[in-house]
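Trainee: Line by line, the protein sequences give chains S and Z.
Here the first sequence stands for residues 108 to 450, numbered as in the working numbering.
Here the second sequence stands for residues 108 to 450, numbered as in the working numbering.
Hints may contain errors.
Heads up, the list lumps identical chains together, so a pair's fine if it works in one copy or across two of them.
Straight-line Cα separation of at most 16 Å, EDC-like style, residue types lysine to aspartate or glutamate; simulated pairs [to be verified]: (1) Lys337 to Asp185; (2) Lys178 to Glu383; (3) Lys417 to Glu184; (4) Lys417 to Glu450; (5) Lys162 to Glu436; (6) Lys290 to Glu436; (7) Lys158 to Glu364; (8) Lys290 to Asp372; (9) Lys292 to Glu177; (10) Lys285 to Glu157.
Rather than coming from a laboratory, the hints here were simulated on the basis of the structure.
Please read these numbers as outputs of a predicted model, since none were measured by experiment.
There are 2 protein chains.
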Amino acid sequence: MFDIKKNAQTVVLKNAPRVVGFFSVAGPKEARGKLGESFDIVLDDDTMKEKTYEKTETKMLVEAVNGAIEKASLKQEDINLMLAGDLMNQSTSTGFAARELLLPQLGLYDACATMASSLVVGSLILSGGAMSNCVCVTGSHFSSAERLFRFPLELGNQRQKTSQWTVTGAGAVVLEAKKENVKTKGIKISAVTIGKVIDFGIVDPSNMGAAMAPAAVHTFLTHLKNTKTKTEDYSLIVTGDLGLFGKRIFLELIAKEGININTLDNYNDCGAMVYEDSQGTQQGASGAGASAIVLTSHILKKLQEGIYKKVLFMATGALLSTTTSQQGESIPSVCHAVVLERE
Amino acid sequence: MFDIKKNAQTVVLKNAPRVVGFFSVAGPKEARGKLGESFDIVLDDDTMKEKTYEKTETKMLVEAVNGAIEKASLKQEDINLMLAGDLMNQSTSTGFAARELLLPQLGLYDACATMASSLVVGSLILSGGAMSNCVCVTGSHFSSAERLFRFPLELGNQRQKTSQWTVTGAGAVVLEAKKENVKTKGIKISAVTIGKVIDFGIVDPSNMGAAMAPAAVHTFLTHLKNTKTKTEDYSLIVTGDLGLFGKRIFLELIAKEGININTLDNYNDCGAMVYEDSQGTQQGASGAGASAIVLTSHILKKLQEGIYKKVLFMATGALLSTTTSQQGESIPSVCHAVVLERE
C-alpha cells in the first residue's frame, strides 16, 4: 500500500542544532485537560481582552515567541529568523504577529504540521551554519478555526462523532546552531524527515484523523527505513493531531505493514494527549496548536528532565480549504518528522 | 523613517547554489503582454480544460515544476525537496500540486513574495549541504484570486485606479547545491536578505503597491547596508509586484533615504514588466505569479545570456486576508531579496 521511493526525504543532521528555549500558551479548556500543570501561560478566558478571536490568536503567538526567547536567555534583537505559520486564510495570525515582533520572518504553511515543518526548516538552515539561531512558532484558536472552517459558533451545530476540537494555544521553540568545539548538554534535533503529500480519498472534513493517518504512516515508514531505526529505539513516537480515531487507523495501517502494535507502548498522539475524556471533544485535540502545546509543555520537558532520551515527533497536516471541500475534493495530507534527542 | 536594526537578515552564501533549470507557464492575456515571446508554455485559454480555476492553478504549478525538472535534465525521483506556496486559502493549489507530484514538500506562505522566499529557504538549505537539490515554485490565477479576494467576476465590478491585475501563470526554479571541486559556469544565488514584516497603515486592499512599497524599501536598505553594495553594482534591481503606482512610491521613499533616483536606470518592478499599457490592467501585474513568471522568463534568461551579470530580485507580499480587511486591519507586508549572479 505504501511505496517508499528514493528521494532524499530524510536528513541526518551533521551539526545538530540545539533547543535552547521553548514556551507554551494554552486556553482555559486546555488547562483543565491532561497537561494543565505543564503550560507556561494559561489564559483567563479565550479572548485575552482582544476584540476578535483572530487578534487573540496573534497575541498568543507573540506571547509564545517572546516567552521562548526569554527562556533562551536571548533578546528579540538577537534572533536571526522567525519561522511561523497558522491555519487562518493567508496565514494572517503569523503575519500580524511578525508585524509586532519585527523579526526577519519566513512564513510556512503546512496546516497542523507546522510545528514540525518549522523545526525541519530551522534545523536544516542552522545545521548548514548560515545563521546562529531561529524561533519556530505556530498556534491555533478554537473559535477562529470554527468560524473559518465549520459553522458560526452561534448556530450551536451538533458535532460529528469523528470531530476533533481545535486547540486554543500556541507553542514556540528557539533553536541554536551547534557551536564549534563546544560540548553542550541538552536537547538536539538529530534528524528530520520531510513528508510527501498523501491522499487516500477521504472527503469528510469532519474526519481529519482518517484523512491524515496515511500521511503519518508514509512518513513514519520512510523515516524508519532511511534512518535504519526501529520503534524501540525511541522513548516516544508521537504523531501530530490524528486524534483518538486517527490514532487507531495509524496503528492498524502500520500493523498491515508489519509493525507490530504490541511493540508500540511508546506511541501516542498529540490529539489524544490534551483533553480529558470528560471534556466532550469527541476524538480529541486538533489544530496547529495541538502538537505545538504538547511539544512545548510535555515532550520537551520530559526530554529536559532526562525521562525521554529520544523522541520521534511527527506532526500531521490536512491541506484542504473550505473551497476544495465545497468543490468535492478529497483531503491531501502531509506529515513531517523531527528526531529530538537528549544528550 | 526606516530604522535598520541588527538581526542577521542577510546571509552571504558560502557555497552558493546554482540555478540549473527554470520554467514559466503563462495565461493568454500575459502572452499578449511585454514578455509574450519569453514564456515556455502559453495557455490556449485560462482553464486548461479544468472545471474550476483552482484546479487550473494547480495544473499550472505541476506543469511549471515538471518543466523546470526536465530543463535541469533531472527526473522527478531525483528531486529532494519541493518548496511551494500560493495565494489560495490554506495554500491549496500547492498542496494539491504536491499530491500529484509526490515530491517531499514544505509549504510556504509569503503571499506574492513566495518566489523569493522559496529561493531563500532553498538556497539556505542547499548551501549547508543537507541536500543536493530542490525545486521552488509559485503561481497565481486571475480568476481564482478575484473570486477569493475581491468580487465574483460575474458582477462586473468596476476596478479602482490603484488596482493591479493578478497574473495567471506559474514559475518554477530548480536549484542545485554547489559541488565540491567542480567549477561550473552558470547562475548562482550568492546572497539572500530575509525581510521583516512592515506596516505603514494602508487599509485599502485595492492599493497593494502602497501597502508593499515600504517593506520593499526596508529590505532594500537592509540588503545594501549588510552587503556593502551600491545600486550600480547590480545590472538590474527588481521589486516583486509593486505595480506602476507602487514603483513610484518605492522610488520616492528611497530618494528620501538618500538613494538618488537618477542612478536607478537599472531599476524595474515585475508588476510593470508584464502587461502593455493598452491591456487595461490599471497599475499593472500582481499576484505570486507576477514575479514568478518575470523571473523564469525574462530575468533568468538574460542572466543565462550574459546580458545581466548580477540581479537583485526582491519579491513583495501583502500579508492580509479578506477577514483582516473586513475587521478594519491595515496591511502588513514583507519583501525577501535574492542575489542572482552570472559567473
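Trainee: When no copy is specified for Lys158 and Glu364, does a C-alpha distance of 16 Å or less occur within a copy, between copies, both, or neither?
Mentor: Answer is neither; intra-copy 49 Å and inter-copy 37 Å both fail.
Trainee: Reference check for the pair Lys290 and Glu436, CA-CA at most 16 Å: within, between, both, or neither?
Mentor: neither (51 Å within a copy, 47 Å between copies)
Trainee: When no copy is named, should Lys292 and Glu177 be tagged within, between, both, or neither for a Cα gap of at most 16 Å?
Mentor: neither (19 Å within a copy, 46 Å between copies)
Trainee: Give the relationship of Lys162 and Glu436 under a CA distance limit of 16 Å: within one copy only, between copies only, both, or neither.
Mentor: between (31 Å within a copy, 10 Å between copies)
Trainee: Quick one: Lys178 to Glu383, C-alpha cut-off 16 Å, is that within a copy, between copies, both, or neither?
Mentor: neither (29 Å within a copy, 54 Å between copies)
Trainee: First find the shortest C-alpha distance between Lys285 and Glu157 inside one copy, then the shortest across copies, and answer within, between, both or neither for a cut-off of 16 Å.
Mentor: For Lys285 and Glu157, neither the intra-copy (39 Å) nor the inter-copy (49 Å) Cα distance is at most 16 Å.
Trainee: Give the relationship of Lys417 and Glu184 under a CA distance limit of 16 Å: within one copy only, between copies only, both, or neither.
Mentor: Classified as neither: same-chain Cα gap 32 Å, cross-chain 30 Å, threshold 16 Å.
Trainee: Using 16 Å as the alpha-carbon threshold, which applies to Lys337 and Asp185: within, between, both, or neither?
Mentor: neither (39 Å within a copy, 26 Å between copies)
Trainee: Are the CA atoms of Lys290 and Asp372 at most 16 Å apart within a copy, between copies, both, or neither?
Mentor: neither (33 Å within a copy, 52 Å between copies)
Trainee: At most 16 Å between C-alpha atoms: does Lys417 with Glu450 qualify within a copy, between copies, both, or neither?
Mentor: within (9 Å within a copy, 45 Å between copies)
Comparing the model with each numbered hint stated earlier shows that hints 1, 2, 3, 6, 7, 8, 9 and 10 do not hold.
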